[in-house]
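Engineer: The lines below spell out each chain.
4 protein chains.
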Amino acid sequence: MPKLGVGELQAILSQGFPDADVPHVEEVTDDAVIVSYSVTDRHGRPGGTLAGPVMMSLADTSAWIAIMSQIGPVVLAVTTSLHIDFLRKPQLTDLMAKTRLLKLGRRLAVVDVELYSRGETELVAKAQVTYSIPPSPAT
Amino acid sequence: MPKLGVGELQAILSQGFPDADVPHVEEVTDDAVIVSYSVTDRHGRPGGTLAGPVMMSLADTSAWIAIMSQIGPVVLAVTTSLHIDFLRKPQLTDLMAKTRLLKLGRRLAVVDVELYSRGETELVAKAQVTYSIPPSPAT
Amino acid sequence: MPKLGVGELQAILSQGFPDADVPHVEEVTDDAVIVSYSVTDRHGRPGGTLAGPVMMSLADTSAWIAIMSQIGPVVLAVTTSLHIDFLRKPQLTDLMAKTRLLKLGRRLAVVDVELYSRGETELVAKAQVTYSIPPSPAT
Amino acid sequence: MPKLGVGELQAILSQGFPDADVPHVEEVTDDAVIVSYSVTDRHGRPGGTLAGPVMMSLADTSAWIAIMSQIGPVVLAVTTSLHIDFLRKPQLTDLMAKTRLLKLGRRLAVVDVELYSRGETELVAKAQVTYSIPPSPAT
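Chains as they are written, first to last, in our numbering: chain H, 820 to 958; chain P, 820 to 958; chain U, 820 to 958; chain R, 820 to 958.
Any given hint could turn out to be false.
Put simply, identical chains are the same to the list, so a pair is met inside one copy or across any two.
[What the hints assert, rightly or not] Here are the simulated lysine to any residue pairs, SDA-like style, with alpha carbons at most 25 angstroms apart: (1) Lys-822 to Leu-911; (2) Lys-908 to Arg-926; (3) Lys-822 to Gln-910; (4) Lys-822 to Val-873; (5) Lys-922 to Ile-853; (6) Lys-908 to Lys-922; (7) Lys-822 to Val-858; (8) Lys-908 to Leu-823; (9) Lys-922 to Gly-938; (10) Lys-922 to Ile-952; (11) Lys-822 to Arg-919; (12) Lys-922 to Glu-939; (13) Lys-922 to Ala-896; (14) Lys-922 to Leu-823; (15) Lys-917 to Asp-849; (16) Lys-908 to Ala-896; (17) Lys-922 to Arg-907; (18) Lys-922 to Leu-911.
If you are wondering where the hints come from, they were derived from the structure by calculation, not from laboratory data. Computed from a predicted model, the values in this text were never measured in an experiment.
Using the sequences provided together with the hints, build the complete structure.
Structural biologist: Laid out in structure tokens, this is it:
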């Protein structure tokens, strides 16, 4: 069972990044979180597509949210590596991320992230993200 | 010899992203480009460090600049994959990228990118970025 | 519908690597192939686990098989990049690979590969593999 | 200064993999190790080139050797991730690996590995490899 739900995770995001337009936590289950990001014209790139960094940023953030949903508010977890393959031109519409926890160890967590445009089934990008989890203060 | 120099590459960046604070092309040689990004407080993250997406974005953009420096303004080249290892906490100062073209084929280019804080020698992150190069219109 | 089935793919493997112990193609569907590799004592590593290179090799080969199952015998397709996260110690038993074609373009194919020990549900490793597809001779 | 030299590292390799043809440790410095692997006909692949798995295996092993050269015989260190970009067709001659330690932390080490054919300057592949270092028994 998740330790944190939609509201708690959204609050962590909003407190951590008060001035930014943060992603929206849409769904939290035992296995996955679904996160969306509202795309506007200013995220565009020459060629009329969504910028790669927007996708990398959402992959990174949604992996962090997926880990916190299972182990609680480890806000100081840090990304140690991120690999992403860009597959198709996304539409200039909401970008969605669906995560899958591949490993949740004491020191490292590995998260698989699928990125797609809202309403579409084909993936626009796929990432594997590793986070280092700080030792818990109680130990 | 590079086909485009500092001024031409900076102009492409500024035209492509008119409203954003774009990186600065500092140096262009046969083998490398050096690009910097001015970091301000708003790029911070919980824990007082620079956000990972800022580093990924600079790795992606500097790889694109490195390719264009050698083959001209292929503004429609697209990233096909990016791998990054985060190594150390960067300082909240200018982030620097130094590129190395590992391969410049007709269809794919692979660029190695070192990221470091201005004035430091240790790397804060290291990326390998692949771009797909569109067929040239003349062919 | 797959263009090549279990028998045809197995024949390509056996002809391509006549002296090696090749993987076994176990299943071919529209979406996936399942490939197994018989692990013996000599694949072990200090610590009594399966060597990483055996897993990387099976990830690479099964991605190639997945692509050929859909587009026919492109034996000259070459791997352009491979990313793998190692998740758990595999057992010294058959290693299994299940593929998923993330993208099948004219020039590049990207394949997601799950690796697990036969009979287990948890993944031991997860890879994303990119192949470059040679232009077809007819074009 | 390296903790282990050419002879000690070679001995670890030979003891760990008694029946395999192990790589040769050619040089150990403060910053790098150079490792070679004797390529024979049986490593070939359809198309007359060196098999990708041979390159991945050497990248993995040489990263392990580079870490041990600095911190001693941590034979139980395990690879947590490996990313490799294949750049050019290697020749069917000795494959060389040159490493660079990007990070040597208490828990994780990240190693950059350049692969090239003996006598050539252009890289055939480039990898970034992460190892997890087990807690030292004394602590």
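Engineer: Which of the listed hints are broken here?
Structural biologist: Per hint list: 1, 3, 4, 7 and 8 violated.
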